[in-house]
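Student: Each chain, letter by letter, is given below.
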Amino acid sequence: DAGITQSPRHKVTETGTPVTLRCHQTENHRYMYWYRQDPGHGLRLIHYSYGVKDTDKGEVSDGYSVSRSKTEDFLLTLESATSSQTSVYFCAISESTLGDSRTTDTQYFGPGTRLTVL
Amino acid sequence: GENVGLHLPTLSVQEGDNSIINCAYSNSASDYFIWYKQESGKGPQFIIDIRSNMDKRQGQRVTVLLNKTVKHLSLQIAATQPGDSAVYFCAENIWPGKGNRDDKIIFGKGTRLHILP
Numbered sequence: 054d055a056g057i058t059q060s061p062r063h064k065v066t067e068t069g070t071p072v073t074l075r076c077h078q079t080e081n082h083r084y085m086y087w088y089r090q091d092p093g094h095g096l097r098l099i100h101y102s103y104g105v106k107d108t109d110k111g112e113v114s115d116g117y118s119v120s121r122s123k124t125e126d127f128l129l130t131l132e133s134a135t136s137s138q139t140s141v142y143f144c145a146i147s148e149s150t151l152g153d154s155r156t157t158d159t160q161y162f163g164p165g166t167r168l169t170v171l
Numbered sequence: 006g007e008n009v010g011l012h013l014p015t016l017s018v019q020e021g022d023n024s025i026i027n028c029a030y031s032n033s034a035s036d037y038f039i040w041y042k043q044e045s046g047k048g049p050q051f052i053i054d055i056r057s058n059m060d061k062r063q064g065q066r067v068t069v070l071l072n073k074t075v076k077h078l079s080l081q082i083a084a085t086q087p088g089d090s091a092v093y094f095c096a097e098n099i100w101p102g103k104g105n106r107d108d109k110i111i112f113g114k115g116t117r118l119h120i121l122p
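Residue numbers (our numbering), protein chains in the order written: chain A, 54 to 171; chain E, 6 to 122.
Hints in this document: simulated from the structure, not taken from any laboratory. Heads up, some of the hints might be wrong.
To be verified - Below, simulated BS3-like cross-link-like pairs (lysine-lysine); rule was C-alpha separation at most 25 Å, straight line:
hint: 1; chain 1: A; residue 1: K64; chain 2: A; residue 2: K110
hint: 2; chain 1: A; residue 1: K110; chain 2: E; residue 2: K76
hint: 3; chain 1: E; residue 1: K109; chain 2: A; residue 2: K106
hint: 4; chain 1: E; residue 1: K109; chain 2: A; residue 2: K110
hint: 5; chain 1: E; residue 1: K61; chain 2: A; residue 2: K64
hint: 6; chain 1: E; residue 1: K109; chain 2: E; residue 2: K73
hint: 7; chain 1: E; residue 1: K114; chain 2: E; residue 2: K47
hint: 8; chain 1: E; residue 1: K73; chain 2: E; residue 2: K47
hint: 9; chain 1: E; residue 1: K61; chain 2: E; residue 2: K76
hint: 10; chain 1: E; residue 1: K61; chain 2: A; residue 2: K123
hint: 11; chain 1: A; residue 1: K123; chain 2: A; residue 2: K110
Based on the provided sequences and hints, a complete structural model is requested.
Tutor: Pasting the structure below:
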């Protein structure tokens, strides 16, 4: 999984509780991403980071926040989990090899976190 | 609109035969494409990529073909093996140009490849 770990790998929580998922990389890549994967949908981008303390929203960012205080760690927080946030969450990393300061490039994915909100 | 789709949600192939998985895209600003393989319970795994200035690229047992005229992408797997059973999906990288931060990747929903013994 390209030097990417995610923790926890599985979590069951109750509606209204805060949840933090962690992504850790050993590749020193600049870009990190959080996606969710649901049946009937392709991977959908939640938030991404293009450097330490630099983050931006994706297409499904409502209800989620992120932080990146170190190059290797990217945290995804659900401030108050809802049942609609039950999903599999994937972290991805990339390095800009296509040039032109593109924020997207070949992305390598972690093993995923299965989150169930009851 | 912007869409990366797949023609077949499930493809069954005899072991040893070649597999062809298709993908359609609609954004003319897409200039980079990737195929991923996802096994059950695992994260997507990079297989092969291709840039829009190419129409064919080969890897180990895999070939990606790009037809920009009809906006079509395909993944060919030679001599399909049981370990090839997975969901395969394509991704298109939309690049509106330098200085524009709206570049993004759109992922298809996937095709499940089932290997028959």
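Student: Taking the hints in turn, state whether each one holds.
Tutor: Do the hints match the structure? See the list:
no.: 1; hint: K64(A) with K110(A); verdict: holds, 24 Å
no.: 2; hint: K110(A) with K76(E); verdict: violated, 28 Å
no.: 3; hint: K109(E) with K106(A); verdict: holds, 20 Å
no.: 4; hint: K109(E) with K110(A); verdict: holds, 12 Å
no.: 5; hint: K61(E) with K64(A); verdict: violated, 42 Å
no.: 6; hint: K109(E) with K73(E); verdict: holds, 19 Å
no.: 7; hint: K114(E) with K47(E); verdict: holds, 16 Å
no.: 8; hint: K73(E) with K47(E); verdict: violated, 31 Å
no.: 9; hint: K61(E) with K76(E); verdict: holds, 14 Å
no.: 10; hint: K61(E) with K123(A); verdict: violated, 39 Å
no.: 11; hint: K123(A) with K110(A); verdict: holds, 19 Å
The earlier numbered hints that this structure contradicts are 2, 5, 8 and 10.
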